[in-house]
Amino acid sequence: MIGISLRSLLSHKLRLALTTIAVILGVSFVAGTFILTDTINATFTSIFATANAGVAVTVHGRPIAGQSGGVGGGQNHPIPTSLLATVRGVPGVNDAVGSLFREGATLIGHDGKPIGGNGPPTFGANWITDSAISPYRLRGGKAPTQPSDVVVDAGTAAKNGLTVGQSLPIVFLGGVEEHFTITGIAGYGSSDNLAGATIALFTESTAQRVLEGQNKYDSILVSAQSGVTDVVLREHIAAALPSYAVAETGQQAAAAAEQSTESTISTFIGTPLLVFAFISLFVGSFLIINTFNILVAQRTRELALLRALGATRAQVMTSVLVEAAVTGFVASILGFVVGILIARALLSVFGSASTGGVTLLPRTVVIAVLVGTIVTVIAASLPARRATRIAPVAALAEALPETQPLPRRRVVIGLVIFVLGCAALVTGLFTSAGSKLQLIGVGFLCVFLGVALLAPVLVVPVATVLGWPVAQVRGAPGILAGQNARRNPRRTALTAAALMIGLALVTCVAVITDSVRVSTNDAIEGAFRADFIVFTQGPDFNTQAAQALQQDPSLRDVTEVRGTSVIIKGSSQGIAAIDPANLGSVLSLSMVSGTASAIAASNTAIVDSTEATASGVHIGQLVTFDFPEGANVPIRIGGIYTANALVSGYVVSIATMAPNVPTERDAIVLANAANGVSLSQAETALHHDVKSFPLLMAMSRSEYRTFVGASLDSFLNLIYTLLAFAIVIAVLGIANTLILSVLERTREIGLLRALGMTRSQTRSMVRWESVIISLLGAVLGLAVGLGLGVAVSGSLGALGITEIAVPGENLIVYAIIAGVFGVVAAIFPTIRASRVDILRAITAE
Amino acid sequence: MAAITTAGASTTATDSRPVAARTTDAVKEYGKADAMVRALDGITVAFGKGQFSAIMGPSGSGKSTLLHCLAGLDRLTSGSVHIGDIELGSLNDRQLTMLRRVRVGFIFQSFNLVPTLSALDNIVLPLTIAGRKPDAAALAEVVRITGLGDRLKHRPNQLSGGQQQRVAAARALASQPEIIFADEPTGNLDSRASTDLLDFLRHAVTELGQTIIMVTHDPLAAAHADRIVFLADGRVVSEMHSPTADTVLDVMRHLGD
Ligand SMILES: Nc1ncnc2c1ncn2[C@@H]1O[C@H](COP(=O)(O)OP(=O)(O)O)[C@@H](O)[C@H]1O
Ligand SMILES: [Mg+2]
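So the sequence lines, in the order shown, correspond to chains A and B. Numbers given in this note's numbering equal positions in the first sequence, counted from 1, plus 492. Numbers given in this note's numbering equal positions in the second sequence, counted from 1, plus 314.
FYI, nobody ran anything at the bench for these hints, they're computed from the structure. Please read these numbers as outputs of a predicted model, since none were measured by experiment. Yeah, the Cβ is synthetic: ideal placement off N, Cα and C, and Gly gets one too. Incorrect hints may have been included.
To be verified - Derived CB-CB ranges, DEER-like: (1) 964(A) x 389(B): 35 to 43 Å; (2) 348(B) x 952(A): 51 to 59 Å; (3) 952(A) x 389(B): 36 to 44 Å; (4) 1301(A) x 344(B): 53 to 61 Å; (5) 467(B) x 794(A): 46 to 54 Å.
To be verified - One-sided excerpt, in silico: chain A residues whose CB lies under 7 Å from chain B: (6) 968; (7) 975; (8) 979; (9) 1239; (10) 1240; (11) 1330; (12) 1331; (13) 1334.
Using the sequences provided together with the hints, build the complete structure.
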């Protein structure tokens, strides 16, 4: 029997080709994601290992509450420079050096623009003179000795044409430019660069000044005397340390950095990409089911004959599944290879392909092959089950009816899955439990499955409606196109369902983005009172900008808004701080109870009503905030307001927050035009002021509104790109179904040709069938996506998403694009159909 | 009595009625070199307008090939085919399609109907393809004589074999073509259904002046024709006018020698 399935496989090469492509695409996405993240991780691992080679023990402060994760490790509290002497005095220590290493030194390139834009982190650090410990290796020039000296990393220098002796402007923490002279170029360990980040190295006193780390180190790096092991030395040092500091061996530190890096990369790159990879595979499985269904239908006689000759059901089932497994296996291997190419391409996009090679772990091969093969076999098991139900007498029957009525059981199962999916989705959206995302994911999956199962019921009515205008415009080809789309509702439904998923997700995201857009616009028009906003797309900036604006007579109500994360009732949450004096002039919060100015009282917060309800907080209550500086501060709730898209969550005064956070950083600065100064005059003055701050942007309300819109558009574009795989697979699925249908209908097409249908009419017939299938997918996708989008948007009340908006134009464009996809999918099938040999068709037996 | 001409390499319509379709030195070869089959070996034959002609001959004698070439479904290797005044060899695919659409009707042995269309839609299909409106009166007449009135809404798989062939015949008539070509139209029917269909075709010729050229190997079927052309090995070997089943059997026995 296995021999039979393999022979059948070879004879159906063409028919399986598109299935194979679908599996290849899905698997390559999965494999590519793993290879990409593995490669990035491996790059960091080797960097950390070589950079820490001379470090026996690292001493640093305790982790800052709520700020775990991040490339290279979570943020720790700085330690005083005086600790260095303590460490040096520990027996067994050969040498110890203090290191200040922080984000916030942005180099300005020759073009006057920040190097790296808003991409990789921009580190500043002190030069470490003990070369046995230092991760920095001088490649050229000399170490910094003067306050205006800087050494830059070799990777950044090479990429941006920086050479020793040049003057280099640097911006610290979003402030004003300072000018330095490049005295040297250094590598980081044995590599040029810390995986794309920029590193600027200064003398210790300069580093402390520019990075706001006066008398502080971020860590102390220790080398051991010979004969003293890292572990022993760590114990000695730990015993000598005050309670605010911890000691790790160099290996532990590297491992911690690695782990933190890995989890950051998986959170921001790996997991999102995998979600989209699995969407592609899910869509691909529809194509696989359809192909095998059609193959089984076409082989009905052959399979029935085998049954008549004594093959058992199990043998028939096995023969189909073996065919699927072999197809899946071969496609998975190819998918893995394509995945390597995808990972390479993405690495060069991310700009860190300097090492060239990619990391191929055995785990990736195993997952790729297993996922591809298993998905194919599972998808083919439905058709395989159908194959076992073929009665031996079918071998003798003239021809089988093409369509079987839809079993009621299937409708019931579809409904049940759909309703359960909706329930899971709604529960997931409105719960704050840890299983939130899983529930939402399962909800989406079940909604799609349910609709796919129910879709055959919708095929006849929807195709009839869609087919009517086609028939009017296109005559006989149009009529036949509609009939053909309806003749096998399950096949049409499965084909359309694959497209539905992609379109539903696109629609869902479009609805969410538009809801955010409209809610934000509402907030800008309503809650937002300030004439101007100053902000950055990078990390929060120091107070230089706010101070400069305060000096400007054209402006008034210059108000800093700061943010920090605190731990409230065990979970980390972002809170905002604002100066209560100007609060009313720059923001107008609609209060449910209490007043916004209540925050003027020390240790008092206002909170939005959604958050208050969710965490059972009421006015007058004391809530404990666990601040980054370690203090547990009881905060009294002084008012409850309605969230909007710009302001939500807890808000306190700057005076309340400042003592409890390590640094003074502004997230945004708001300002109004001064009395008697026109808006445009004030704007000119503002832009003039902000010009000295290369990382900051200043905008009027309407500019800000446009800016938010553009950011949302680029987010939407990113989603389109990520869903492109799934949509390409769905379009392949349409092409696949049509090619198989055309092969199946050879005689019929030949008959039509004999009766006077021209080649172009034949093409038109197939093309319009394709368009009808695509539009069916569009109708389902838009409807489902609309539902999902409205549900998700409706659950974002806590983020101030109060308006639910439907981007009508986008939806019309999606439907038109779906129709165009139908035309594209039909290209090959139409060629096939128009080449049908009339004589072969009508004389064939 | 039947007039029999044997051994004539070529035949023409003996009476003076105008010619609906004819071939001159028609040769059709399949394959190449060693494997070459000469399905038509120089056939010159003409079929009269308003006549019911039958083409008979043993299996593999070239009957279907001749019919396909006459109907514009296939091209000759050499020689010429005319339908009316039109020489088919000079037409491109599109022109041939138009010719089939406008001037020709077909009844095949099996798989005549589009399974997704109702009987009525199948009957008017060539008109629909051509973007023409069926002539209501003519259509009603066709439907009446085929006796399909109560079956028009049915799909082909809800019709018996005989009914399906009558739908095919009605379709062939509905577009009022110059010629109807039928390839073994009764091949899959029982004798009762065959007789019905043949009576219907006969009626179309006699009452409506339709021209029909039918391939058959059934003497009873051929006996409904006005004239029979006998083929063997790709050549015309005999012909007969006003046949009866008995005379046809005589000739077949004779040719079988
Ligand atoms: N497409 C083809 N390729 C090769 N040979 C063919 C083809 N069609 C018909 N023939 C050959 O041509 C000859 C005549 O065939 P056909 O016209 O079908 O005969 P009939 O209809 O009288 O049985 C036969 O020998 C047949 O094998
Ligand atoms: Mg034949």
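Structure versus earlier hints - violations, ascending order: Violated hint: only 5; rest satisfied.
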